[in-house]
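Enquirer: The chain contents come next:
Number of protein chains: 2
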Amino acid sequence: MPIIRQYDQYRPEMKNNRHSLNLNIRGISESPTLTINELSKKLQKSGKTVYRLGLGQSPFPVPDAVVNELKHHAHEKDYLPVKGLDALRQAVAYFHREKDQVDIKAKNVLIGPGSKEFLFLLMLVYYGEVLLPTPCWVSYAPQAKIIGRNIKLIHTSFETNWRLTPQQLSDFLAAEKDQYKPRLLVLNYPSNPDGGTYVTEDLKKIARIARKYEMIILSDEIYGQLHFKGEHVSIARFYPEGTIISSGLSKWCGAGGWRLGTFAFPAKFDWLMNSMAAVASETYTSVSAPIQYAAVKAFRGGTSIERYLMHVRRILEHLGEKSTRILNLGGIRVHPPDGAFYLFLDFNSRAAKLQKRGIQDSSTLCEKLLLETGVAILPGEAFQRPAEELTARLAFVNFDGAKALAMSEAIPPGEALPKNFGEKHCPEVLHAMQKIADWANT
Amino acid sequence: MPIIRQYDQYRPEMKNNRHSLNLNIRGISESPTLTINELSKKLQKSGKTVYRLGLGQSPFPVPDAVVNELKHHAHEKDYLPVKGLDALRQAVAYFHREKDQVDIKAKNVLIGPGSKEFLFLLMLVYYGEVLLPTPCWVSYAPQAKIIGRNIKLIHTSFETNWRLTPQQLSDFLAAEKDQYKPRLLVLNYPSNPDGGTYVTEDLKKIARIARKYEMIILSDEIYGQLHFKGEHVSIARFYPEGTIISSGLSKWCGAGGWRLGTFAFPAKFDWLMNSMAAVASETYTSVSAPIQYAAVKAFRGGTSIERYLMHVRRILEHLGEKSTRILNLGGIRVHPPDGAFYLFLDFNSRAAKLQKRGIQDSSTLCEKLLLETGVAILPGEAFQRPAEELTARLAFVNFDGAKALAMSEAIPPGEALPKNFGEKHCPEVLHAMQKIADWANT
Numbered sequence: 405m406p407i408i409r410q411y412d413q414y415r416p417e418m419k420n421n422r423h424s425l426n427l428n429i430r431g432i433s434e435s436p437t438l439t440i441n442e443l444s445k446k447l448q449k450s451g452k453t454v455y456r457l458g459l460g461q462s463p464f465p466v467p468d469a470v471v472n473e474l475k476h477h478a479h480e481k482d483y484l485p486v487k488g489l490d491a492l493r494q495a496v497a498y499f500h501r502e503k504d505q506v507d508i509k510a511k512n513v514l515i516g517p518g519s520k521e522f523l524f525l526l527m528l529v530y531y532g533e534v535l536l537p538t539p540c541w542v543s544y545a546p547q548a549k550i551i552g553r554n555i556k557l558i559h560t561s562f563e564t565n566w567r568l569t570p571q572q573l574s575d576f577l578a579a580e581k582d583q584y585k586p587r588l589l590v591l592n593y594p595s596n597p598d599g600g601t602y603v604t605e606d607l608k609k610i611a612r613i614a615r616k617y618e619m620i621i622l623s624d625e626i627y628g629q630l631h632f633k634g635e636h637v638s639i640a641r642f643y644p645e646g647t648i649i650s651s652g653l654s655k656w657c658g659a660g661g662w663r664l665g666t667f668a669f670p671a672k673f674d675w676l677m678n679s680m681a682a683v684a685s686e687t688y689t690s691v692s693a694p695i696q697y698a699a700v701k702a703f704r705g706g707t708s709i710e711r712y713l714m715h716v717r718r719i720l721e722h723l724g725e726k727s728t729r730i731l732n733l734g735g736i737r738v739h740p741p742d743g744a745f746y747l748f749l750d751f752n753s754r755a756a757k758l759q760k761r762g763i764q765d766s767s768t769l770c771e772k773l774l775l776e777t778g779v780a781i782l783p784g785e786a787f788q789r790p791a792e793e794l795t796a797r798l799a800f801v802n803f804d805g806a807k808a809l810a811m812s813e814a815i816p817p818g819e820a821l822p823k824n825f826g827e828k829h830c831p832e833v834l835h836a837m838q839k840i841a842d843w844a845n846t
Numbered sequence: 405m406p407i408i409r410q411y412d413q414y415r416p417e418m419k420n421n422r423h424s425l426n427l428n429i430r431g432i433s434e435s436p437t438l439t440i441n442e443l444s445k446k447l448q449k450s451g452k453t454v455y456r457l458g459l460g461q462s463p464f465p466v467p468d469a470v471v472n473e474l475k476h477h478a479h480e481k482d483y484l485p486v487k488g489l490d491a492l493r494q495a496v497a498y499f500h501r502e503k504d505q506v507d508i509k510a511k512n513v514l515i516g517p518g519s520k521e522f523l524f525l526l527m528l529v530y531y532g533e534v535l536l537p538t539p540c541w542v543s544y545a546p547q548a549k550i551i552g553r554n555i556k557l558i559h560t561s562f563e564t565n566w567r568l569t570p571q572q573l574s575d576f577l578a579a580e581k582d583q584y585k586p587r588l589l590v591l592n593y594p595s596n597p598d599g600g601t602y603v604t605e606d607l608k609k610i611a612r613i614a615r616k617y618e619m620i621i622l623s624d625e626i627y628g629q630l631h632f633k634g635e636h637v638s639i640a641r642f643y644p645e646g647t648i649i650s651s652g653l654s655k656w657c658g659a660g661g662w663r664l665g666t667f668a669f670p671a672k673f674d675w676l677m678n679s680m681a682a683v684a685s686e687t688y689t690s691v692s693a694p695i696q697y698a699a700v701k702a703f704r705g706g707t708s709i710e711r712y713l714m715h716v717r718r719i720l721e722h723l724g725e726k727s728t729r730i731l732n733l734g735g736i737r738v739h740p741p742d743g744a745f746y747l748f749l750d751f752n753s754r755a756a757k758l759q760k761r762g763i764q765d766s767s768t769l770c771e772k773l774l775l776e777t778g779v780a781i782l783p784g785e786a787f788q789r790p791a792e793e794l795t796a797r798l799a800f801v802n803f804d805g806a807k808a809l810a811m812s813e814a815i816p817p818g819e820a821l822p823k824n825f826g827e828k829h830c831p832e833v834l835h836a837m838q839k840i841a842d843w844a845n846t
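Sequence order for the protein chains is A and B.
By my numbering, the letter at position 128 of the first sequence is numbered 532, and the numbering carries on one by one without gaps.
By my numbering, the letter at position 342 of the second sequence is numbered 746, and the numbering carries on one by one without gaps.
One chain only, chain A, in its complex shape (with noise of 0.2 Å):
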């Protein structure tokens, strides 16, 4: 066959090259956190001292009530159903009928190796676009572009604390010609990468919104138990229609290692979820056995569990004020958070210093931070600001979360900790502070 030879050579070797990738995928590196993580370990290895806020990964340890549950259950293997765990489900929605007073039944939750994943194949099965309020959750954007979902980016100000105004979402919609186009509009609260989280007055005009233009809301509450003074509320209380609830183990029971996520979906949603867990047999299957047996103790909770909690929110309260205290009189902007473990950081006030510095995008702001200083956060790029605005996250995670825990259960529940409690037990994070703030005024 003379014509397949000659052919063949005009064809570049195969083995080595990349014509053959999706284009989708072309450009899409490792996750920027996962990224960040794994450069930090390796200035580490080569002596440097890191200040590792890059991570966002609870520092506090798995309650020793679930790992003895990992322990007890470790020789379970046989193939869990799809959507997972009976008892596990039921936990689920017990979970967010007591926390969040949504009525969600067992049959409407999907158990997955993380919400991440979830969050993929929703993408995947539901034809819509994808509404992302910024700053946002680094993964969302790639996941999108990965499946080729159109995504609309909606810039929040600090000076809405970084939350999506209902009158944005008017104006928005009010532009688009097509208002009834299908819509996931993705709210996450205690957000990454800014710990703050909405008033329910908000919540309550965004549900009227979506409910009008029948858009679907992907509510990531994942650091749900994290709002600090333990009074999140979901938006589904006002949406319950169309609102999925996203969380899971990773934040608030410290195990994002284990990958265990959850997916409550609005009763008449089974043409969703079920396309999910038709995909999800094709994927993952179903998530480890031994994990999902122990985390039904995480799920259905109990005083220990809650003890736990307190004392986690008491630690990282006291952390994020006393962290943006230090910013502040840096002369960075940045709020104190309600909730979770981060801080996005504005150093527009120093904009014009920076720049004498070379530095005029997030990416540079942070590179320099850390090679200068030791302190790894992350450019307000991933997070869908523009590349030239010197934002950027942090999170004030890098402590030893078993030790803090156990000096803060020597102080009885309900006392606040004392004033020097950072100081005497998480110094590092107070360093790395006073790191950033002095580096943003050299």
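Keep in mind that a hint or two might mislead.
Remember, identical chains collapse to one label, so a pair may be satisfied in a single copy or spanning two.
Keeping only pairs whose Cα atoms sit at most 25 Å apart, straight-line, the calculated SDA-like set for lysine to any residue is [to be verified]: (1) 585 to 775; (2) 446 to 697; (3) 445 to 561; (4) 633 to 740; (5) 672 to 427; (6) 549 to 429; (7) 475 to 485; (8) 549 to 819; (9) 446 to 824; (10) 475 to 491; (11) 672 to 428; (12) 449 to 491.
Simulated from the structure, these hints should not be mistaken for laboratory data.
Following the hints, complete the assembly by docking chain B onto the known chain A.
Expert: Here is chain B on its own, set in the frame of chain A:
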């Protein structure tokens, strides 16, 4: 805005409609193996005796040494690297070097939540046509459909032991207009659904063709360690530069529900492996940490794991032979298996009789068999065979694996099991075979 209101009147109520589903996903239901499993459970609950030969799950417990490692690492909570725990990647590379004599390095290994997830990611990332010799595993084709990849089936036959012959592959390519189209050839051996494997000479010839036409081979060797003689040969030995080896804990280690799979790539496939890792970092993130730590033990192997494997193989070989004999006596064509725990049954010699009973396709065959005898097996159609062909897969796994293992342990290694071992310790398996044989002849 009167225009919007008018539009609204003609719109169906969104919450219940399926118009916003990705078209690739409509009509995909839960994987048939999982569906039959859940249906069988229901029949059992209603009091019927069900012989569950549908789901391909190992009946054996996870080796104690591996379960103990999971207990020992139950507290591990950190997010592990996307590509996997370093120690585990090393153990998997060592496993392939030792067992398969293929030069795999740790840096070319990925760890994921099941090899099924990896197959999906591979098809998502690689923009090529998927070649499937049939009968093939149930999930390959639906995965390609979800992603929107083109599939080409190559039907093999009972006469060639359900194996793709080198000649068939050559003929297929000769008939194609573009021989050099990017292609992914999926081979699975020992095979699900038929327990057969390739002779080495054919692997060499297929390797030669794949090299010539620059095809990627996805060599699904998840049952490699369940070759009854321990003589599994990987095609990667003959086509190392273009073969990805898929493996995992699910089958040989009895840990299907744990969800851990592995891919081992050719050294120059960084472009593909890194793209898969990038998508992984935006989806499942990493495999559950405690499970990864425990898996190190399994892949490192050692005396106790080898002993476990010896017993598992001996029991499965015994049952495979006995089952084949009963079915053959009943006039059902089936080959004795080389490995794994499947038989692919050909009822076509009974076609005239079956047709009189209203059975003209494999789905009706399996449905009637289940209803009339309580034996649950899967239709050939689910394995991409023509619907009207009277074939079906069974998994001879409906016995107490822990008990059978204990009984085998009392018999010296190297010896054959007593002739009545199956009747004594796995009677349900042989009852089911007799029921199938009798049913086909009524």
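Enquirer: State for each hint whether it applies.
Expert: Each hint, compared with the structure:
For the homomeric pair residue 585 and residue 775, neither the shortest alpha-carbon distance inside one copy (46 Å) nor that between copies (46 Å) is at most 25 Å. Taking the shortest Cα distances, residue 446 and residue 697 sit within 25 Å of each other only across copies (22 Å), while inside one copy they are farther apart (36 Å). Taking the closest pair of Cα atoms, residue 445 and residue 561 never come within 25 Å of each other, the shortest separation being 33 Å inside a single copy and 54 Å across copies. For the homomeric pair residue 633 and residue 740, the shortest alpha-carbon distance inside one copy (13 Å) is at most 25 Å, but the shortest distance between copies (66 Å) is not.
Only between protomers do residue 672 and residue 427 lie at most 25 Å apart by alpha-carbon distance; the minimum there is 20 Å, versus 35 Å within a single protomer. Taking the shortest Cα distances, residue 549 and residue 429 sit within 25 Å of each other both inside one copy (8 Å) and across copies (18 Å). Taking the closest pair of Cα atoms, residue 475 and residue 485 come within 25 Å of each other both inside a single copy (21 Å) and across two copies (23 Å). Proximity of residue 549 and residue 819 under a CA criterion of 25 Å is satisfied in neither setting, with 47 Å inside one chain copy and 58 Å between copies.
Taking CA atoms no more than 25 Å apart as the test, residue 446 paired with residue 824 passes in neither setting, with 32 Å inside one copy and 60 Å between copies. Taking the closest pair of Cα atoms, residue 475 and residue 491 come within 25 Å of each other both inside a single copy (18 Å) and across two copies (22 Å). In the homo-oligomer, the alpha carbons of residue 672 and residue 428 lie at most 25 Å apart only across protomers (22 Å), although the nearest pairing inside one protomer, at 32 Å, exceeds that limit. Within a single copy, residue 449 and residue 491 get their C-alpha atoms only as close as 44 Å, which misses the 25 Å cut-off; across copies the closest is 18 Å, which meets it.
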